[in-house]
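> Sequence:
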Amino acid sequence: MAIGDANSTDNCFNALPTDILFSILEFLSPHDILRLRQVSWELFHITQERSIWIKLLQQLCSGHDIYAASFPLADLSVDELENITTAGRRFTLRMRRNSVLDQKVCPRYIHTIQSSNVDEEFENMRFLPGGRFLLTTTDENVLRLWDVGFCAHPPSQDALAFVEIPDATAIVGLRTRAAHTSPGALIIVSSTTSCAFCVHIFQISPAASAPEFTLLAPVLVLSGTEYGVIGATSRHIAVAGPVSTILWNFIDDTWVSWARTPGEFEDAVYLCNDNILILHAASPQLFIAAVPPHVPRSSSESPPLIENLDILHVFPLCRFNDKTDSLVQCVSGVTLVFHGREYGTEDQPLYIDILSDECGKALFTHFVIQRARIPSESTNTAVCSIAAVGETVTCALYHLSHSLHLEWLDRETVQSFVVAGNTLHVCVSDVGRDSSVGGTLVTPGLQLNERNVDFCSFSGRVCARVPLDDGDGFKVLVLDYVERKEDHLNVGDSG
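Mapping of the sequence shown onto the UniProt record's numbering: position 288 corresponds to residue 288, and the numbering continues sequentially without gaps.
You may find that some hints are simply not true.
[Stated by the list, open to error] Taking CB as the label site, the calculated pair distances span:
1) Ala281 with Arg433: 25 to 33 Å
2) Val78 with Thr193: 45 to 53 Å
3) Asp325 with Ser300: 41 to 49 Å
[Stated by the list, open to error] Below, in silico cross-link-like pairs of lysine to aspartate or glutamate (EDC-like), each with a Cα-Cα straight-line distance of 20 Å or less:
4) Lys55 with Asp79
5) Lys55 with Asp32
6) Lys104 with Glu358
7) Lys323 with Glu358
8) Lys475 with Asp158
9) Lys55 with Asp19
10) Lys361 with Asp430
11) Lys55 with Asp65
12) Lys55 with Glu26
13) Lys323 with Glu301
14) Lys475 with Asp119
15) Lys475 with Glu140
16) Lys475 with Glu121
17) Lys475 with Asp139
18) Lys55 with Asp410
19) Lys55 with Asp75
20) Lys475 with Glu450
21) Lys475 with Glu123
22) Lys361 with Asp410
23) Lys361 with Asp325
No lab work stands behind these hints, which were simulated from the structure alone. Please read all numbers here as calculations on a predicted model, not as lab measurements. C-beta: ideal position from N, C-alpha, C; glycine also.
Hey, can you work out the whole structure from these sequences and the hints?
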């Protein structure tokens with residue numbers, strides 16, 4: 001339908017005051033607003049107002065755990081705002097279309113970051129949600145922040161900020177969470193020294209004119225190196241050790257620990273509504289306990305040890321729609337939640353997405369954490385209940401899978417990424433409807449079993465470490481899989 005053909009609709013909209021129209025548009029999705037441009041000239045002009053797209057982008061960032069400060073709203077054109085706001089949906093639509101056509105998805109644009117430091121390793125690669133800022137580390141134990149660009153803005157070839165991790169022999173982990181006390185981001189770095197395991201909590205505002213890593217809490221130092229971070233929110237860190245698991249509240253600098261059986265590795269710990277949820281690596285069960293009282297870290301050299309954590313409930317982990325078929329070789333939940341919420345609500349539930357082996361293929365089973373109405377007898381805490389809501393069977397081989405990433409696009413759609421070998425598998429699942437489509441992303445130069453890869457569904461973007469042309473060193477490829485407005489924001493286009 002050409003613009004202006006529906007005269008009755010045109011007159012109906014023209015009769016509404018502009019402020020009423022603006023209020024109505026706030027309840028629509030970006031894609032619906034683009035469709036409204038076909039209704040009338042009045043709506044065509046109104047839907048190109050910057051204020052509408054700023055509001056839409058802010059709502060998306062809030063609802064999808066995006067680092068909103070990535071995008072300088074006051075400086076963006078309407079086209080740039082539209083590009084950013086609609087990129088995620090256009091990426092998903094492109095995956096659905098190419099799955100039907102059985103085609104691989106090629107990048108539309110490729111940018112390169114090649115540091116002036118020829119020894120730059122670009123390890124532990126991690127996007128800040130939104131796809132503009134990237135974190136990496138080096139063999140010299142330096143944490144760096146990069147601007148990898150957005151829309152037509154190219155990436156910077158120099159790091160925006162860096163900090164050296166003192167006394168470290170290796171950086172072994174990197175996570176991001178939202179900061180509660182500022183519009184910045186929390187960077188959780190785990191490292192080892194010659195005789196200790198350390199957790200550093202940095203805070204940074206990447207969009208500032210001169211971003212700087214600052215320590216948010218005193219460094220957690222644990223004697224020995226046989227530890228690993230198995231859970232993180234924007235308040236707590238869970239660390240598994242040889243004989244106990246330590247829960248550290250880094251905001252209040254308090255801690256507690258509980259004993260565990262040697263060899264029974266706890267693969268993941270979640271916190272929800274004052275409950276601890278524990279997943280064991282080789283057990284198809286989820287254990288639920290109340291969060292025990294913490295004590296100030298300054299009061300003792302080691303956290304108080306609870307010999308027997310009071311398990312309130314044990315939830316069996318089974319295939320969706322088949323409660324008799326237990327999951328095989330659970331290896332952890334992989335949902336990345338930037339804000340690190342510890343409380344779920346009806347409007348904003350918390351999810352656990354667990355990877356397991358299904359006949360040699362990687363299987364994701366999707367669970368929602370709900371707050372039970374009946375409090376437990378032993379505490380005042382309401383025990384969480386767990387419900388399976390769907391599953392995603394990928395084409396990736398389970399034993400080759402790594403660099404896992406999963407995002408809930410909305411309450412009915414999950415998008416998962418798995419690297420197997422040097423192939424990037426993407427699967428879009430319609431939760432609860434036993435429907436999914438999958439495909440692969442073309443990633444030029446990606447090496448076999450390269451683990452320095454990260455994804456951003458919001459921007460339809462991948463960053464990957466690849467060798468330099470002469471093979472002596474590395475560079476970063478920034479791969480964008482959706483086109484910009486000038487080519488692909490026409491209504492109905494699925495590219």
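> All hints, please: hold or fail.
How the hints compare with the structure:
{"no.": "1", "hint": "Ala281 with Arg433: 25 to 33 Å", "result": "30 Å, holds"}
{"no.": "2", "hint": "Val78 with Thr193: 45 to 53 Å", "result": "51 Å, holds"}
{"no.": "3", "hint": "Asp325 with Ser300: 41 to 49 Å", "result": "46 Å, holds"}
{"no.": "4", "hint": "Lys55 with Asp79", "result": "14 Å, holds"}
{"no.": "5", "hint": "Lys55 with Asp32", "result": "15 Å, holds"}
{"no.": "6", "hint": "Lys104 with Glu358", "result": "24 Å, violated"}
{"no.": "7", "hint": "Lys323 with Glu358", "result": "15 Å, holds"}
{"no.": "8", "hint": "Lys475 with Asp158", "result": "12 Å, holds"}
{"no.": "9", "hint": "Lys55 with Asp19", "result": "14 Å, holds"}
{"no.": "10", "hint": "Lys361 with Asp430", "result": "19 Å, holds"}
{"no.": "11", "hint": "Lys55 with Asp65", "result": "16 Å, holds"}
{"no.": "12", "hint": "Lys55 with Glu26", "result": "7 Å, holds"}
{"no.": "13", "hint": "Lys323 with Glu301", "result": "45 Å, violated"}
{"no.": "14", "hint": "Lys475 with Asp119", "result": "10 Å, holds"}
{"no.": "15", "hint": "Lys475 with Glu140", "result": "17 Å, holds"}
{"no.": "16", "hint": "Lys475 with Glu121", "result": "8 Å, holds"}
{"no.": "17", "hint": "Lys475 with Asp139", "result": "15 Å, holds"}
{"no.": "18", "hint": "Lys55 with Asp410", "result": "18 Å, holds"}
{"no.": "19", "hint": "Lys55 with Asp75", "result": "15 Å, holds"}
{"no.": "20", "hint": "Lys475 with Glu450", "result": "13 Å, holds"}
{"no.": "21", "hint": "Lys475 with Glu123", "result": "11 Å, holds"}
{"no.": "22", "hint": "Lys361 with Asp410", "result": "25 Å, violated"}
{"no.": "23", "hint": "Lys361 with Asp325", "result": "16 Å, holds"}
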